[in-house]
Structure formats: structure tokens, C-alpha cells
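Add chain Z to chain V, keeping to what the hints say.
Line by line, the protein sequences are chains V and Z.
Quick note on numbering: the first sequence equals residues 1 to 117 in our numbering.
Quick note on numbering: the second sequence equals residues 1001 to 1831 in our numbering.
These are calculated hints, taken from the structure and not from any lab test.
Errors might be hidden in some of the hints.
As the list claims (entries may be wrong) - Only pairs whose alpha carbons sit at most 25 Å apart, straight line, appear in this in silico PhoX-like list of lysine-lysine:
| hint | chain 1 | residue 1 | chain 2 | residue 2 |
| --- | --- | --- | --- | --- |
| 1 | V | K76 | Z | K1682 |
| 2 | Z | K1462 | Z | K1495 |
| 3 | V | K50 | V | K94 |
| 4 | Z | K1772 | Z | K1806 |
| 5 | Z | K1391 | V | K94 |
| 6 | Z | K1040 | Z | K1098 |
| 7 | Z | K1146 | Z | K1130 |
| 8 | Z | K1367 | V | K85 |
| 9 | Z | K1462 | Z | K1511 |
| 10 | Z | K1495 | V | K85 |
| 11 | V | K76 | V | K94 |
| 12 | Z | K1238 | Z | K1806 |
| 13 | Z | K1367 | Z | K1498 |
| 14 | Z | K1495 | Z | K1511 |
| 15 | Z | K1330 | Z | K1146 |
| 16 | Z | K1367 | V | K94 |
| 17 | Z | K1669 | Z | K1772 |
| 18 | V | K50 | Z | K1605 |
| 19 | Z | K1330 | Z | K1367 |
| 20 | Z | K1772 | Z | K1682 |
| 21 | V | K50 | Z | K1014 |
| 22 | V | K76 | V | K50 |
| 23 | Z | K1225 | Z | K1146 |
| 24 | Z | K1391 | V | K76 |
| 25 | Z | K1098 | Z | K1014 |
| 26 | Z | K1569 | V | K85 |
| 27 | Z | K1682 | Z | K1605 |
| 28 | Z | K1495 | V | K76 |
| 29 | Z | K1462 | Z | K1491 |
So you can see what is in the structure, the chains are spelled out below.
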Amino acid sequence: MIGDWLDIGPVTQISPGNARTLPVQGGEEIAIFHTMGGEFFALVNKCPHKHGPLSQGIVHGTVVTCPLHSWNISLKTGHALGDDKGCVPTVPLKVDAGRLYLLREAVIGAMAPERAA
Amino acid sequence: MTALHPIPTGRPEKLVVIGNGMAGCRAVEEILARDSKRYKVTIFGAEPRVNYNRIMLSPVLAGEKAFDDIVINSADWYTDNAITLISGDPVVSIDRAKQTVTAQSGRTEPYDRLLIATGSDPFIIPVPGKDLPGVVTFRDLDDVDKMLAAAEKGGHAVVIGGGLLGLEAAHGLALRGMDVTVLHLMPTLMERQLDEAAGWLLKSELERRGQTILTGADTAAILEKDGHVAGVRLKDGKDIPADIVVMAVGIRPSTGLARLAGLEVERGILVDDHMLTSDPAIMAVGECVQHRGQCYGLVAPLWEMCRSLADAATGAPSGYEGSVTSTKLKVSGIDLFSAGDFSGGEDCEDIVMRDASRGLYKRVIVKENRLVGAVLYGDTADGNWYFDLLKRGEDVSDIREALIFGQAFAMGGGASNDPHAAVAALSDDAEICGCNGVTKGMVVSTINGGACSLDAVRSQCKASASCGSCTGLVEGLLAIALGDEVKAGPKTLCKCTKFSHDDVRRLILEKELKAIPQVMQELHWTTPDGCASCRPALNYYLLCAWPGVYVDDQRSRFVNERMHANIQKDGTYSVVPRMWGGVTTPNELRAIADAADKYGARMVKVTGGQRLDLFGISKEDLPDIWADLNAAGMVSGHAYGKSLRTVKTCVGSEWCRFGTQDSTGLGIKTEQMTWGSWMPHKFKIAVSGCPRNCAEATIKDFGVICVDSGYELHVGGNGGIHLRGTDLLCKVATEQEALDVCAAFIQLYREQAWYLERTAPWIERVGLDHVKAGLFDDPEAVQHLAARFRYSQSFMQDDPWARRAKGEDAELHQHLAEFRPFPTMIKEAAE
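In isolation and in its complexed conformation, chain V is listed as follows:
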């Protein structure tokens, strides 16, 4: 992907199966997930259903189960799985030499009100 990438710290800050959050001034909090399979994903930290903090859910495979009403959200696409419908914005993330990078434009996009829904 072309664009500016922001270094947001070493991969070791998030252990597998867990998530941490990134506050963005004037924008949506971003949740960064580390799956048990070793992959990293970033999503706006809001379940499309009732805005539950996805970062607090149980991670399994590449799915997080929202802690409020157990919706299963794909970490890869942000889409609700199963019979549920809805989508949460994802933020492109890459890992390079042990560090996590978020796509700057997408983070800024997460701040814009029209993208916040």
C-alpha cells in the first residue's frame, strides 16, 4: 500500500489473543488486535451494533466477539459475521521489523465525522 505509515510501537506491547487501544484526538479510538495466530489488525473500537468496545472482546481466529452482545466481528474486514449485519471501519496496519505501523491517512480518516459512523 502506498502512503505514510505511522510507527505506533513494538509488536511486543500486545501479547497474542489480546488487544490495546489508541486514542485519537478528536476522533474514534482505534483498537489494535494481536490474534493467537500472530497476526495484527486495527479497527475503530466500536461494535457496529451498539458501539461496544471491541478491544475488550474475546479474540479467536481472526474474529473478536463483542463484549456487549456477543456479535462476532471480522478483524480482517470489520464486517459482522453470521446473521448479523453491520461493519466497523478497519485501519490498514503493517508489521515491519518488529514494529507496528498504521496508515496515516486512514487514521486521519477515522477522525473525520462522516467516517466515524
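Okay, now just chain Z, sitting in the frame of chain V:
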């Protein structure tokens, strides 16, 4: 781009190669094979020896091969091909304008074409002591020699890094008689190649071989004694003695020379599909390059790069398009293979086969009918076949059913059309269930005798009743015999397993399973790491089965239990301090009021269980509010957990004119006995001082009604959506008996109920008689159950708030520290 046109000098072009390693020499071999006349080759090597197979250093260390065995090109090869080898003299600069390279010795060589194949450098973690004598990397033959010298003296070796290289180093040193400890930062060994399940199998096997494997181990410093390495200190304060420390945490492309020469470099030297750098006279190949964003640390891509490079260099460009890689661990007796993308996901289909008795784990990942990844442990015979399918991106829908069984089965004509064909083809005396020695004939006759469900077969002929690895075969036989008449077995724990809750609980005890990955392996889970249903259930079952032994898995807990507070609809939390028996004091009330003010609680409410609930606390403030409440003498009320919640009481004989016994006192004693206990579901208790039942004990999981002659004990009440009054369990004369029966009942519930099953549905499912029999048929049952409960409680009654307030798992409450300055950067960027 087009081919590199010959430079019309009338003499062979001068090709200088920097790097006498696997990539550099292979590239030369490929070029010579295409056009042996075009170039006059000079190779510079930093190591004072001929070209050898670096990936075979592990067997050399392990004593399975000698150096001569791993030489790729002997001195004769250089002579025969008129190649000038300048070894032991590393190139230190490139002059692109003059087209010359200069080596350390001052020797300068002109070139028409330059090939950089400098490989990669081991990554050294920047900790104190990293430069001590006795700290080595695992990269070249000199490193191996150092390790062999250390091993001769024996003693302790610490290997930092549980990746491919680290484990191979550890294996070699262990075979050489050293006492080896592997420190790995991540929780899973080889986490880039293996999933949690395979990583766990590997760790178990290495531990069985006597190595100590510490995962989640973060190195703080390397310790020194008498000017030599003496040990490693971890960030958690643990010291591990070491006579040698091998640093094998990773490699990074060696790009210093290229940077110095002004070539375009990111992580590696940037090359196009023909391995040309930003300078058209300079090519680069191997681990030092970055191609289409990728750097490779494995050998297979290197061969592919060398082919493209040679094509380009001899005028027939084909172009390299990147590689799919696979990995094997070169540790004798451990078969392990991984390839492609094994992270899976909801748009991928995981096919998992686990055979506990043979120590097998196989997982293939299919996406849009194409194989995208594979992890094999224990039997890697089909690794190449899977890898080939993966690289070719072939449609596998035709062989989907049999894919996991490997090439022989999947390609064995017809099997793919009928998933039951294989079992149908078995002879009658073929063994189906190895655990119980049950043949196909025995299973079939059991089915013909009327067993029409998996469960019936299990109970009647014991096939699939033990480890369960033959469950699929038994189901196949049922399907063949009965067609659609197969009755569904009992509800399985979740979609990841064929076993019911009861089976899982029984097998955890019988097979002494003590970790979640172990349960998933031994019981043939069909997903790599379970789901949001089975993970919490397994965590509870293991905790209940192995008190004091099993290490709780936070990742398998619902957020409330992870945070020790209740998540509310707006994402804030509510906090309920424990008030024993519902009794509080002015000081406690003051502390609660102060905490409510200080942390901006938006509401303070009395709960249904007579406790005070502070609403609207942010996740970041939780440790602080707990510290304040702890300081006033209060502990967590566990209002969030699948655990004992509250013991509701009325005021009892001390004040009430009708009270027959000290219900408040008994309530407090009961709560002190039971708090902190994890249960299948939330658990509520009440103690009423007289039959007026002001504490509403008859809608609680365990209720006590005090009467003149003693205590009536009630169970299985539920005031929730399905209102259920309690059943009278028994009547006892003394407080102590009431407490003992309470403990015994809770333990029976803890040991038998399904996860997320409250006492009311549990009792309705198994019957009150079953519960009574469990408690009273054997006169000692109550004491035994109560003793097991109290033993388990000896590990549980440890206030989770106090531990968090002291800083344990602090990161769970914080945003990433490094992210703090981040919002400003974003703001600037946006402006």
C-alpha cells in the same frame, strides 16, 4: 526492463560478486549454466573459506554432519570456472562512478556488472552485556565453532529466541550435552510458522527431551562474572545461569555497503523483478534485498531470485514474482512443516485433524476453494504435496473431503466423492478404536443391535468413548448403516468439538489434561484456537479440575472477569465492593462516597444483592478506585464473575423480634467461606432468619431458612427470567453443618454442571434425586466435597482488585504508552 545487453568491449564483461554465500555462488552457477563465456567472475567473501550451505550449520552443530559435508562448491569449482575467489577480505566500499569495489585489504577491483549478495546479519538485542565473551550468534561456521568449544566444557546454555534458528541451536547444544534453556519473547514457539496448537506440541516435545522452554520471557540483561558471560536476567527478575548465550532472535538484511554506495534501500536493498537495483549496473540477490515489499530469510526464494537474475544477466529476462515460503525444523525426530498463510479467518475454512495417540496435528487452510496455508506437526510426509497445491493455487474443491488425510488418500480415486468410502472399504476386523480395541465388525454389530447414535455406540461398545480420535470413523459407520436415521448425540460443547460438556469434563480428569491447547489437541478440536464459547468453558473446567496447578488464561475470560468490574452499555464499568452479609460501616460508606466523587461515578445504586454499585467508571481509572477501596478495607464483590456474587441476609435474631437464628452472622460466615470461587455461572446465596424469609432465600442458588430447631437448606432457586423456587435439600441442626452442606453443594455444582448453566437448569436436567444422592448416599460425601471446595478456595481467596491496584496486568487498563504523543502528530498531519 529488457535483458542486460552485452557491453561491447571485445573482452568478457567483468562481473564482481560481493558475498561468497549461498545466494552469490548460486547466482554465478545459474549464470555460468546459461552462458559460461560472457563474464569473468570475481567473488569477494568475508569468511575465509569456500562456499558452504549455511542452512546445514544446524546439523553440523548437532554432530550429524561435518563441515566437508556441507560445502557446496569446493576450491576446484572456482578454478575450473576461472573464478577469482578473494576470501576473508570483505568489501568495504563501492565507487559507482568509477565502477570499482575496494576490500578491507585495500585491494580494488573494477567491474562492468556488480552483484551484491551480502545476505543478512544476526539481530543483536540491545541489552547490557550483549558484547561479553561467551555471547554468540548463530550465523556462520565461526559461531558453530564457538558453540562447540563451549559445549566441550559442558554446563548451561541459554538460547535467546525460540524461532527456527534458536531451536536448532538449542537442539545442537543439548545433543552436545549442555543443559539448555530457551527464552522466547512470544507465548508460542516459532509463532511466525506455527499456530498455538502446533507450538504447544513442539514445546511439550522439547521439554520432554529435557530442554527448559520459557515463553513470554523478556531478556533484561546478560550477566557477567570474571569478564565472561555468567547468566541471563529476565525482566521479571528471574536469573538463569549460562556458560554460553546464543542470540538467535532474528536476522536483518545486510545493507550497509549498499547504503554507503547510495543505492535505494528500505528494509533491504530495493530490486526489481530482475534483481536490478536502482543502479542498472548493480544487481542484488538473496537475504539482503527487498523485492515487492518482501524480505526473505529462507533458502527457497533465493533459488528463484537467482534464476531470474541469471536470465536477466544473460539476455533472457523472465522476472521474479515473489515466493511463497515453507518451513521445516531441522531437529531430528521432530517433524514440523508450515507454509503459506495459516492465520485463517472467517473467510477461510480451517480443516483440522488431531490424532492425540500418534501426536499428530494437521491443519490446512482453504480460501475460495484454494489451499492458502498448512501447518503439519508429527507427520510432514504430505508437506510437499500441500506446498505444491498451495503454490499452484489449484482448485481443491474436488478433494476437499479428503484433503486433510494427505495425498495418498485424497488422490486415491473415488474417495473424494464419498466421504464414507474409506471406512466402508475397511475389513470387518480392522481396528476402529485403538483405545478400547473395538473392530469395525463390533461397531457394526452394535449399530445393527439398535445403537443409533454416537452416544449409544460409545456406551455400548466403547468405540470413540475414550480419546475420541475415531469419532469420525464411527460416525461414518453410523451413516453407512442408518443413513438419515442417525440420531443427534448430546449437545456438543460448541461447534469446535464433537464432545459434550460432560465428555470434555470427564476426559480432562481421565487424561489429566492441564492446558487449553492440550485439551484441544487431545480431544481433536476442529478449530485452531477455539471460539468465544469453548475458550471460557475450557478455562473454567481446567481451573475446577486442577486447583493450584492450572494457570488461568485471561484471554479466555469474558471482559468482566478480565477487568474485575461490570462492563456497561457505554463501555464504562461499574464497581461493587464486597459488603460481607450486606453489613457495612460508616467508614466504608464514607470511602465509597469519596470514591464516587473522585472517579466521577454517575450513579450509586443498591444492587439486588444488597451491595452498593458505583457506575460510570472508566477502564483507566479502575486500578485507582480499587486501590482507594482496598485502603478502606474493602475487596472485590465479584459482582462481575461466574462466581459467588453475594450472600443476602435479613437481620436475624440479634435485632428481629421474629428471628430464630443469627442469619446475618451465618450469612457473613457463608460469604467468607465462598467468596472468590469460580463457578459454572453466577451463584447467589441468601440466609433468612425465620420462615418469613425476608432475604428471599427460596429464589437463590443456595438458600438457608433459619427455624427454631436449626436450618432448612434450599437449592436451585432462580429469581431471573425463568422464576424457579428452590427445592428443599435437607435440614440440619448446626451452623457448621449448614456451612459444610453449602460447601459440598457448591462443589458438586462446580464439578458437574455445564459452563453457563445455573443451578436451576442444572437441577432440572439431572434431577434433585441425583443431587441428593451425590451429597448423601455416601455418609462421607459431604465432607469429601467440602474438603475439595476448601482446598480449591485456598488458591482463590486472593482479592483480584488488590493485585491489580498493585500494578499487575496494568497494561490491560492503559492505552499503549508509545501512542501518547501520537494524537498530536495526527493533528499536525491533518492540518
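Now the hints, each set against the structure:
{"no.": "1", "hint": "V:K76 x Z:K1682", "verdict": "violated, 34 Å"}
{"no.": "2", "hint": "Z:K1462 x Z:K1495", "verdict": "holds, 23 Å"}
{"no.": "3", "hint": "V:K50 x V:K94", "verdict": "violated, 28 Å"}
{"no.": "4", "hint": "Z:K1772 x Z:K1806", "verdict": "violated, 44 Å"}
{"no.": "5", "hint": "Z:K1391 x V:K94", "verdict": "holds, 24 Å"}
{"no.": "6", "hint": "Z:K1040 x Z:K1098", "verdict": "holds, 18 Å"}
{"no.": "7", "hint": "Z:K1146 x Z:K1130", "verdict": "holds, 16 Å"}
{"no.": "8", "hint": "Z:K1367 x V:K85", "verdict": "holds, 22 Å"}
{"no.": "9", "hint": "Z:K1462 x Z:K1511", "verdict": "holds, 16 Å"}
{"no.": "10", "hint": "Z:K1495 x V:K85", "verdict": "holds, 21 Å"}
{"no.": "11", "hint": "V:K76 x V:K94", "verdict": "holds, 13 Å"}
{"no.": "12", "hint": "Z:K1238 x Z:K1806", "verdict": "holds, 20 Å"}
{"no.": "13", "hint": "Z:K1367 x Z:K1498", "verdict": "holds, 24 Å"}
{"no.": "14", "hint": "Z:K1495 x Z:K1511", "verdict": "holds, 22 Å"}
{"no.": "15", "hint": "Z:K1330 x Z:K1146", "verdict": "holds, 20 Å"}
{"no.": "16", "hint": "Z:K1367 x V:K94", "verdict": "holds, 22 Å"}
{"no.": "17", "hint": "Z:K1669 x Z:K1772", "verdict": "holds, 24 Å"}
{"no.": "18", "hint": "V:K50 x Z:K1605", "verdict": "holds, 24 Å"}
{"no.": "19", "hint": "Z:K1330 x Z:K1367", "verdict": "violated, 29 Å"}
{"no.": "20", "hint": "Z:K1772 x Z:K1682", "verdict": "holds, 21 Å"}
{"no.": "21", "hint": "V:K50 x Z:K1014", "verdict": "violated, 69 Å"}
{"no.": "22", "hint": "V:K76 x V:K50", "verdict": "holds, 20 Å"}
{"no.": "23", "hint": "Z:K1225 x Z:K1146", "verdict": "holds, 19 Å"}
{"no.": "24", "hint": "Z:K1391 x V:K76", "verdict": "holds, 23 Å"}
{"no.": "25", "hint": "Z:K1098 x Z:K1014", "verdict": "holds, 14 Å"}
{"no.": "26", "hint": "Z:K1569 x V:K85", "verdict": "holds, 19 Å"}
{"no.": "27", "hint": "Z:K1682 x Z:K1605", "verdict": "holds, 20 Å"}
{"no.": "28", "hint": "Z:K1495 x V:K76", "verdict": "holds, 21 Å"}
{"no.": "29", "hint": "Z:K1462 x Z:K1491", "verdict": "holds, 19 Å"}
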